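Peer 1: For reference, the chains in residue letters:
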Amino acid sequence: DAGITQSPRHKVTETGTPVTLRCHQTENHRYMYWYRQDPGHGLRLIHYSYGVKDTDKGEVSDGYSVSRSKTEDFLLTLESATSSQTSVYFCAISVRGVSYEQYFGPGTRLTVT
Amino acid sequence: RKEVEQDPGPFNVPEGATVAFNCTYSNSASQSFFWYRQDCRKEPKLLMSVYSSGNEDGRFTAQLNRASQYISLLIRDSKLSDSATYLCVVNIPYNQGGKLIFGQGTELSVKP
Chain A
1 DAGITQSPRH KVTETGTPVT LRCHQTENHR YMYWYRQDPG HGLRLIHYSY GVKDTDKGEV
61 SDGYSVSRSK TEDFLLTLES ATSSQTSVYF CAISVRGVSY EQYFGPGTRL TVT
Chain B
1001 RKEVEQDPGP FNVPEGATVA FNCTYSNSAS QSFFWYRQDC RKEPKLLMSV YSSGNEDGRF
1061 TAQLNRASQY ISLLIRDSKL SDSATYLCVV NIPYNQGGKL IFGQGTELSV KP
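Order-wise, the sequence lines are chains A and B. Under our numbering, the first sequence has 12 at position 12, and the numbering climbs by one with no breaks. Under our numbering, the second sequence has 1091 at position 91, and the numbering climbs by one with no breaks.
Any given hint could turn out to be false.
Here are the simulated PhoX-like cross-link-like pairs (lysine-lysine), alpha carbons at most 25 Å apart as the crow flies [claimed, not checked]: (1) Lys1045/B - Lys11/A; (2) Lys1099/B - Lys1042/B; (3) Lys1045/B - Lys1002/B; (4) Lys57/A - Lys1099/B; (5) Lys11/A - Lys1099/B; (6) Lys11/A - Lys57/A; (7) Lys1111/B - Lys1045/B; (8) Lys1045/B - Lys1079/B; (9) Lys1002/B - Lys1099/B; (10) Lys1111/B - Lys1079/B; (11) Lys1111/B - Lys53/A; (12) Lys1045/B - Lys57/A; (13) Lys70/A - Lys1099/B; (14) Lys1042/B - Lys1111/B; (15) Lys57/A - Lys1079/B.
Using C-beta positions, here's what the derived DEER-type ranges look like [claimed, not checked]: (16) Gly51/A - Ser1109/B: 37 to 43 Å; (17) Glu1003/B - Val52/A: 38 to 44 Å; (18) Lys1042/B - Asp56/A: 23 to 29 Å; (19) Val95/A - Asp1039/B: 19 to 25 Å; (20) Gly3/A - Gly1016/B: 34 to 40 Å; (21) Asp1057/B - Ser84/A: 35 to 41 Å; (22) Gly1054/B - Val12/A: 22 to 28 Å; (23) Gln1031/B - Asp62/A: 25 to 31 Å.
Examples of chain B residues lying across from chain A (beta carbon under 8 Å, computed) [to be verified]: (24) Ala1029; (25) Gln1031; (26) Ser1032; (27) Phe1034; (28) Glu1043; (29) Pro1044; (30) Leu1046; (31) Leu1047; (32) Ser1049; (33) Gly1058; (34) Ala1067; (35) Asn1091; (36) Tyr1094; (37) Lys1099; (38) Phe1102; (39) Gln1104.
Honestly, the hints are just simulated from the structure, not real lab data. What you are looking at is a predicted structure, and each value in this text was computed from that prediction instead of being measured. Beta carbons are placed, not taken as given, at the ideal position from N, Cα and C, and that holds for glycine.
Throw the hints in and build the complete structure from the sequences for me.
Peer 2: This is the structure in C-alpha cells:
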C-alpha cells in the first residue's frame, strides 16, 4: 500500500466550470504524477512533479494545471472543464525516480456534461 | 509505430491453461520494463519488474529480448482471479524526457 488517496472519487460537473482533483500521499515521496485513462488510449501523462513547487508538463497537459505546495499534496485543476476531459484520472508516486516503477491511487471518475 | 504495443485481446482461456502476452517497444534506449495488472474500474498495480535475465514470481514469468525489443509475460496454471487487463510499461530514458510509457493493455478472461 503506497498510502495514496484521491478526492473526490467521483464527480459530475458542467462544461465551463473549474474542477480541482486532489492527490494525497502519506510517505513523503518526491515524485508524483497525474494520468488520465481513456478507452483506446491507455494511460497518458498529464503533469508530474519532482518536488515542492517543481512541476512539468506531460504529453496531454493542455487545459490542465497543477500545483504542489506541500510534499504530500499534488493538485490537478481543470481551468474550464470540457466534455473531452471526461475520463478516469489517476495519481501516482514513484520512489526511485521518473524511470522506475510507479504506484497508483484509486482514481477519480470525472464526467463533464 | 507506437512506443509500446500490445495485442488488446481478449484472451479467453480455461482455468489451468498457460497463456503468454507479448509487448513490443520502439525506443532502443529503454532500460526499465514492467508488467502491471489492472482490474476493471480499478487502479493499475505493479505485477512485476522485468530484468535482463528474465525473472519468475510464482506462476508468472517475465522475459526481455533487447535485440528484438519485446517483453513477454507467461502465466501458468491460470486462475479465475487472473482475469484482468495486463499493461506493458517501458521507460523513456531521462535524457529523452524521462517517463514511463504504458501500453493499452491485454485483456485476459479465465473461464471455469
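Peer 1: Given the hinted pair Lys1045/B and Lys57/A, is their alpha-carbon gap at most 25 Å?
Peer 2: Holds - the C-alpha atoms of Lys57/A and Lys1045/B are around 24 Å apart, at most 25 Å.
Peer 1: Verify the proposed pairing of Lys57/A with Lys1079/B, using a straight-line Cα cut of 25 Å.
Peer 2: Judged against 25 Å, a Cα distance of about 40 Å means the pair is violated.
Peer 1: Does the interface hint hold: is Ala1029/B within less than 8 Å of chain A, judged Cβ to Cβ?
Peer 2: Violated, about 11 Å.
Peer 1: Against the range 35 to 41 Å, how does the distance between the Cβ atoms of Asp1057/B and Ser84/A compare: consistent or not?
Peer 2: holds (39 Å)
Peer 1: So the hint says 19 to 25 Å: do the beta-carbon atoms of Val95/A and Asp1039/B match that?
Peer 2: Because 23 Å falls inside the window, the suggested range holds.
Peer 1: Using the Cβ atoms, figure out if Gln1031/B sits within 25 to 31 Å of Asp62/A.
Peer 2: Given about 29 Å between the Cβ atoms, the range holds.
Peer 1: Does the Cβ-Cβ separation between Glu1003/B and Val52/A fall within 38 to 44 Å?
Peer 2: This hint is violated: roughly 30 Å between Cβ atoms.
Peer 1: Could you check the hint for me, namely that Gly1054/B and Val12/A are 22 to 28 Å apart, CB to CB?
Peer 2: violated (46 Å)
Peer 1: So if I understand the rule, the pair passes when the alpha-carbon distance is 25 Å or less; does Lys1045/B with Lys1002/B pass?
Peer 2: holds (23 Å)
Peer 1: Quick check on the hint: Asn1091/B CB to chain A CB, less than 8 Å?
Peer 2: holds (4 Å)
Peer 1: Taken at face value, is the distance from the CA of Lys1079/B to the CA of Lys1111/B at most 25 Å?
Peer 2: holds (8 Å)
Peer 1: Against chain A, with CB atoms and a cut of 8 Å, does the hint on Lys1099/B hold up?
Peer 2: Holds - the Cβ of Lys1099/B comes within 8 Å of chain A, reaching about 6 Å at its closest.
Consistency note: the structure conflicts with the earlier hints numbered 5, 11, 15, 17, 22, 24, 31, 33 and 34.
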